[in-house]
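Work the whole structure out from these sequences, hints included.
There are 2 protein chains.
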Amino acid sequence: MAVRIAVDAMGGDFAPQAIVQGVALAASQYSDIEVLLVGDEKCIESSLASEAADFDRSRITIIHTEEVIPMAAAPVEALRKYKKSSMARMAALCKEGEADAMISAGNTGAFAAVAQLTLRPLPQVKRPGIAVTIPSFYGPFVLCDVGANIQAKPQHLHEYAIMAGVFAERLLDIEKPRVALISTGEERGKGTGLIKQTYELLSQDASLNFIGNAEGRELFEDRCDVAICDGFVGNIILKFVEGLAEGFVRTIKREVEDEPEEIRGKFLSAIDRVWARHDYSRYGGAPLLGINGVCIICHGRSNRYAISNAIGVAKRFVERDINGALVSRLAQAN
Amino acid sequence: MAVRIAVDAMGGDFAPQAIVQGVALAASQYSDIEVLLVGDEKCIESSLASEAADFDRSRITIIHTEEVIPMAAAPVEALRKYKKSSMARMAALCKEGEADAMISAGNTGAFAAVAQLTLRPLPQVKRPGIAVTIPSFYGPFVLCDVGANIQAKPQHLHEYAIMAGVFAERLLDIEKPRVALISTGEERGKGTGLIKQTYELLSQDASLNFIGNAEGRELFEDRCDVAICDGFVGNIILKFVEGLAEGFVRTIKREVEDEPEEIRGKFLSAIDRVWARHDYSRYGGAPLLGINGVCIICHGRSNRYAISNAIGVAKRFVERDINGALVSRLAQAN
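Here the protein sequences line up with chains A and B, keeping their order.
Numbering that gives the first Met the number 0 puts the first sequence at residues 0 to 333.
Numbering that gives the first Met the number 0 puts the second sequence at residues 0 to 333.
You may find that some hints are simply not true.
Any copy, or any two copies together, can satisfy a pair, since identical chains are not distinguished.
In silico DSBU-like pairs for lysine-lysine, Cα to Cα no more than 30 Å straight-line [stated by the list, open to error]: (1) K125 to K94; (2) K80 to K41; (3) K265 to K252; (4) K80 to K94; (5) K175 to K125; (6) K195 to K80; (7) K152 to K175; (8) K152 to K94; (9) K41 to K94; (10) K125 to K195; (11) K82 to K195; (12) K125 to K82; (13) K83 to K125; (14) K94 to K83.
What the hints contain is simulated information worked out from the structure, not anything from laboratory work.
Structure below.
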C-alpha cells in the first residue's frame, strides 16, 4: 500500500515553488507514495503547471487551506490564531488516519507544537526531540535534540539517546550506533549538572551503546553515530555549523576568483562536490522523534532536493515502523 | 619600560619546543618585552640552543621549575598536587609583581583555576570568563565565555558583555563594539530562562551597544563584534567550529588529489591562505577576563606563531591597561 504523505505547500523560504518541485521530483522517484499537497489551491496549481519535468500527477492530491502560519510567529500563539492553517490541517489529516506522515519547511516551533498538541507524544515519551542527520566527513551522524526542548532534564536526554539510536539503526542502517553525550570534555564528570546526571543514566542503560562524552571536534572524526544534547545547545550548534560551512565555501570561492577560467572551473566544481556532500540542508527531513505520528521538519531554505529527500525519509520512517520500534525500546528501558 | 611576560614552557601539545620557538620569535619581533620562560631548565636550554633563527637571547630569562601539570588532570586537584608546577610559579611571579602577565598552552582548567586562586578576580567581578577572538570572514569577533564558567547566571553573562566589549574596543580597536547574546532566535523572548533574564539586563545597560540575540549563522555574517554565552555553550561551539573547519579543509584537499600537480598546487595554496586567515588557534591568546592580573590562555596545539601572537596580546593588554578600563566600566555599570 502506498504511503500517504501530507506536505505543507506554504511553509519555507521558497514556498510554494520549491515545495511543489520537490513533491513532483519525489512523485517521479518513488512509485509507492501518495502526496497530499496542503495549501492555497490556486498557488499550488500554478506551481504544478509551471513544473517542466515529467511526473505522475495522479499521485498528488491538493487539499485547499486558507491560512499560513508566518515564519516568525511565536508557536503557541500562531496555533491559536491560525486554526485553518496548512499545518493544522496536516496534523488533522494524520490524526484522522488520512495521512501517514506530514512534512513542513515552515515555522519549526509551530510545526513541533501542532504535532505535540494534535498527535500527542508516544507512550512513555515526556518530551519529543528533533533529530537532524549531519553529513560528516566519514558518514552521517545524528544530532538530537536541535530545538524542540530547550530546557531539558536528564530523563529527556535519556529518551533522546534511545530514540535517536533507534532512528540511526532503523533508518540510516547503522548497526549498534555509538551514542555520545556532547560535553566540554571526554571524561566522566565534565560538563554541567544536567550532563553529569545524564551521563549516569546513559551508563546504566545496557540497551545503549553509550561511549561517553564527546567534544565537538570528535563528531567530525567518526567517534560516534549519535550525539545527544539539549535543544538550546543543539540549535545553536546547528546554526553555527551552517554559518561556518557557508562562509568557508564563499571565502574559498572568492580566493580563486583571479585564477584563469579553466583552473577556476575545476576549483569551483571540486568545492561544489564537497559542499553537496556536506550541506545538511540538502539532505532534508529531520523527524520530531517521540510523536504518535510521523512529523518531518525541513529547513526553511529547503530546495526541491531537500523536500524530495524529506519525502523519502517520511516514507522509510513509515515503512520501517520506527515508531513501533521506539515504543518497544522505550518500554524495555523503563 | 619593557613588559615582563611569564611563559609556561611546559604546557601544550608541542611543549617545550613550540613554546620556546614562539618566545624566540616574539623576542625578535618586539623590542620592549622581557620573557620569563618557566619550566625545566635543561629542556628549555636545549630547545633554545636548537633554535636556528636569530633572536635576542638577553630578553629571555629561564626560571626553573620541577613539576608539570598534566593536560588531562582535574583543575583543582592538579593545583593541590603540583604545588611546584610552572603554572603555580607563573602566578606567584605575577602576584609578587615580578611579571606583568602570564601565558600557558597547558591545561586550561588548571590555568584558569590557579589564576583565580592566586591573583583573585577584579573588584566587582563575580566570575572571570575566557574571551576568544574568532577570525570570521568579515573580520574577527570575540566569543565569551568559552569555558571558565559552565553554570553561568545572568549577572555573569552581563559581566562578560561588559568585559568582552572593553576588550574588543581597547585591544582589537573596534569602536562601540556591537554586543549580541547567542540564542536560538533573534527575537526577545527566544531561548532559555538564563538567556531571557540576561537579555533584560543587557537591554537596560546603556553603556553597552547591545544589538539583541544572535543565532550562530549571524556571527559569520558581520552582525556583531562580541558574542556572549555561558562557558558550556561557548566551549562546545569553539570545538565544533574547530572540528568542522579542519574537516572541511582536509576533505577539500582530498577532493583535488587526482588533479595534475600544477593545478593541485594552486588549489592547495588557495586553501592554505584561507585556512591561515581563519584558523583561530594560530591567532593565539585568549585572555581570562576579570582577573586581577593578565592571564592569557593558548590552545593546546599552539605552534610558534600562536605563542608569539599570544605574547603580543599580553603586551598590548598590559600597555593599554585593559584591566584599568574594566574596573572603571564595571563600576559605572553597577
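Against the structure, test the hints numbered earlier, and report the numbers of the ones violated in rising order.
-> The structure conflicts with no hint, since it agrees with every one listed earlier.
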